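Single-letter residue listing:
Number of protein chains: 2
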Amino acid sequence: MDTRFSTAIHILIMIAGDPNPIASEKIAESVGTNASYIRKITSLLRKNGIIASHQGVEGFRLLVKPDELSLSRVYSALYNTDEVHLFDIHQNPSDKCIVGRHILPVLSDVFKEVERRAEDEMRETTLFDCMKKMRVLIDN
Amino acid sequence: MDTRFSTAIHILIMIAGDPNPIASEKIAESVGTNASYIRKITSLLRKNGIIASHQGVEGFRLLVKPDELSLSRVYSALYNTDEVHLFDIHQNPSDKCIVGRHILPVLSDVFKEVERRAEDEMRETTLFDCMKKMRVLIDN
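The listed protein sequences correspond, in order, to chains A and B. Under this note's numbering, the first residue of the first sequence is numbered 1, with each subsequent residue one higher. Under this note's numbering, the first residue of the second sequence is numbered 1, with each subsequent residue one higher.
This is chain A alone, in the form it adopts within the complex (with noise of 0.2 Å):
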């Protein structure tokens, strides 16, 4: 399990929703984990700009509004990279048949397909579509 992305999400939709800064151990609770894998992750949000620290105490706020932030940006920040895996791809078909000797490129270029139409759709769905969700869900 690789839950850094839904930490994120979950710790930026905690810092947009408070006004006031708040601790590691806070949003650890709140997560189900513990500060130290939480302050992993706003290290990262933290490096590529989305979130800051504040001057004295401890705890964050964003840099980036919710509704300009999106969901490739912190997926990006986590990973370092904007492109979802999604397959993998078996790495020795054989040189001696035309079909494995074509295969690789084949394949990478139609997973490569898939995985920019998921890519699209992160780019389009900002932190603050996540935190309107959530308002419906409150308030019902």
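Hints are not guaranteed to be accurate.
Which copy? The list can't say, so a pair holds if one copy fits it or any two copies do.
As the list claims (entries may be wrong) - With a straight-line Cα cutoff of 25 Å, these simulated SDA-like cross-link-like pairs (lysine to any residue) come out:
id	residue 1	residue 2
1	K112	T125
2	K40	L137
3	K40	N80
4	K133	G56
5	K112	Q55
6	K47	K133
7	K112	R135
8	K47	R101
9	K112	L86
10	K132	A16
Calculated directly from the structure, the hints in this document are not laboratory data. This structure is a prediction, so every number in the text was calculated from the model and none was measured.
With chain A held as given, fit chain B onto it using these hints.
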């Protein structure tokens, strides 16, 4: 590494391109794996009505035309679902925090939309598209 999907596409291109039945051993050699792994995958493709065994000789033939065989159907035959899984979600958010209490359906909803875009592309891409891409590579 889970290379079932890429291996299945490799197998289907071989079957589609050869009028003669091809034994699992020959396919395995081209893929760069063992025949029992190939049989595991062809068995799933067979159960789903994508390929059928040849009578009397070992080997398979396509039951679906390449331009009607979507990658989504192939995926679904292999994984028994056409829902692509992209991101894991942390499973123990705290009920005591308003964000923790509502985060799971928000994340699941947002991730579903991303995954749906990937699935759309897989539904629109056929085995024939893969074969065309390979043809271009072979001809160049």
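Comparing the hints with the structure gives:
{"no.": "1", "hint": "K112 with T125", "verdict": "both (20 Å within a copy, 12 Å between copies)"}
{"no.": "2", "hint": "K40 with L137", "verdict": "neither (29 Å within a copy, 44 Å between copies)"}
{"no.": "3", "hint": "K40 with N80", "verdict": "within (14 Å within a copy, 36 Å between copies)"}
{"no.": "4", "hint": "K133 with G56", "verdict": "neither (33 Å within a copy, 58 Å between copies)"}
{"no.": "5", "hint": "K112 with Q55", "verdict": "neither (43 Å within a copy, 38 Å between copies)"}
{"no.": "6", "hint": "K47 with K133", "verdict": "neither (27 Å within a copy, 40 Å between copies)"}
{"no.": "7", "hint": "K112 with R135", "verdict": "between (34 Å within a copy, 19 Å between copies)"}
{"no.": "8", "hint": "K47 with R101", "verdict": "neither (42 Å within a copy, 29 Å between copies)"}
{"no.": "9", "hint": "K112 with L86", "verdict": "both (9 Å within a copy, 14 Å between copies)"}
{"no.": "10", "hint": "K132 with A16", "verdict": "within (12 Å within a copy, 48 Å between copies)"}
Hint violations for this structure: numbers 2, 4, 5, 6 and 8, all remaining hints satisfied.
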